[in-house]
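Protein chains: 2
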Amino acid sequence: MFVIVSYDISEDKRRTKIHDILKSFGQWMQYSLFECDLTKTEYAKLRSRLNKIINPETDSIRFYFLCGCCQNKVERIGGEAVRDDTVFFAE
Amino acid sequence: MFVIVSYDISEDKRRTKIHDILKSFGQWMQYSLFECDLTKTEYAKLRSRLNKIINPETDSIRFYFLCGCCQNKVERIGGEAVRDDTVFFAE
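In order, the protein sequence lines correspond to chains B and Y. Just so we're aligned, residue 87 is where the first sequence starts under this note's numbering, counting upward by one. Just so we're aligned, residue 87 is where the second sequence starts under this note's numbering, counting upward by one.
Please note that the accuracy of each hint is not assured.
All copies of an identical chain are treated as equivalent in the list; a pair is satisfied when it fits inside any one copy or across any two copies.
When the alpha-carbon atoms are kept at most 30 Å apart in a straight line, the in silico DSSO-like pairs for lysine-lysine are as follows [claimed, not checked]:
1. 159 with 138
2. 126 with 159
3. 126 with 138
4. 126 with 99
5. 131 with 159
6. 138 with 103
7. 109 with 126
8. 109 with 159
9. 126 with 103
10. 99 with 131
11. 103 with 131
12. 109 with 138
13. 131 with 109
14. 138 with 99
Since the hints were derived computationally from the structure, they do not count as laboratory data.
Next comes chain B alone, as it looks inside the complex (with noise of 0.2 Å):
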C-alpha cells in the first residue's frame, strides 16, 4: 500500500529519530513528508516505531493512504526533492 506520510514534530531530536526510520521505509519529498509503498506488516512495524518515539502532546503524524487511482493523479509544482532511490528495509 502506497502512503505518504507526514509529520510535525516539535522537537529536533526526535524530529531526525522519525526521519531515520522513515528513511529505511519510503523516499524523502519534503522537509516532513515520506511517500512509502509498504505491506500491511511493514506499515505496522512502521507505526508503532513512531509511536514509541513522539510526544502526542504536542508532535502529530499524518497517514494518507493512495490507492493506484490517486498515486496516478499527483502533481507538483517547483522543484522535484532530491530522490534517494536507496531504500533498505530496517531488520
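Chain B is fixed; fit chain Y onto it per the hints.
Quick look at chain Y alone, frame taken from chain B:
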C-alpha cells in the same frame, strides 16, 4: 475534490504568503500541510496563485488528490492540529 497540499518553501516571507493563500482554500492540518476540498475552478485558481509566488528552483509544492475511499482511510498518531473551521473562499 479533496486535495492534500504539502509544501517546502525555503524563504520565510514566501512561506507565510503561501500559508495565507492556502488558509482561504482549506484547513491547516500540519506545519506545511493543508487539506482542501475544492472545485476544479478553485483548484485551478489556487494553483495559479501559488505558482506566481514560489521559486521553482528552491521551493516545492505537492498536491495529493484523495478519492472518497482514500479520504476515509486517513490515520494519525499524536495531537490533532488546532482546527480553524472558518474557511473563506477568496474573492
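Taking the hints in turn, this is what the structure says about them:
For the homomeric pair residue 159 and residue 138, the shortest alpha-carbon distance between copies (22 Å) is at most 30 Å, but the shortest distance inside one copy (33 Å) is not. Within a single copy, residue 126 and residue 159 get their C-alpha atoms as close as 23 Å, and across copies as close as 14 Å, so both meet the 30 Å cut-off. In the homo-oligomer, the alpha carbons of residue 126 and residue 138 lie at most 30 Å apart inside one protomer (19 Å), although the nearest pairing across protomers, at 40 Å, exceeds that limit. For the identical chains of this complex, residue 126 and residue 99 are intra-copy neighbours only, at 28 Å inside a copy versus 41 Å across copies, given an alpha-carbon limit of 30 Å.
When the C-alpha separation of residue 131 and residue 159 is checked against a cutoff of 30 Å, the pair qualifies both within a copy, at 28 Å, and between copies, at 18 Å. Taking CA atoms no more than 30 Å apart as the test, residue 138 paired with residue 103 passes inside one copy only; the shortest distance there is 11 Å, against 35 Å between copies. For the homomeric pair residue 109 and residue 126, the shortest alpha-carbon distance inside one copy (18 Å) is at most 30 Å, but the shortest distance between copies (34 Å) is not. Taking the shortest alpha-carbon separations for residue 109 and residue 159, both the intra-copy value of 24 Å and the inter-copy value of 23 Å come in at or below 30 Å.
For the homomeric pair residue 126 and residue 103, the shortest alpha-carbon distance inside one copy (22 Å) is at most 30 Å, but the shortest distance between copies (39 Å) is not. Taking the shortest Cα distances, residue 99 and residue 131 sit within 30 Å of each other inside one copy (21 Å), while across copies they are farther apart (39 Å). Within a single copy, residue 103 and residue 131 get their C-alpha atoms as close as 15 Å, which meets the 30 Å cut-off; across copies the closest is 38 Å, which misses it. Within a single copy, residue 109 and residue 138 get their C-alpha atoms as close as 17 Å, which meets the 30 Å cut-off; across copies the closest is 32 Å, which misses it.
Within a single copy, residue 131 and residue 109 get their C-alpha atoms as close as 14 Å, which meets the 30 Å cut-off; across copies the closest is 34 Å, which misses it. Only within a single protomer do residue 138 and residue 99 lie at most 30 Å apart by alpha-carbon distance; the minimum there is 14 Å, versus 35 Å between protomers.
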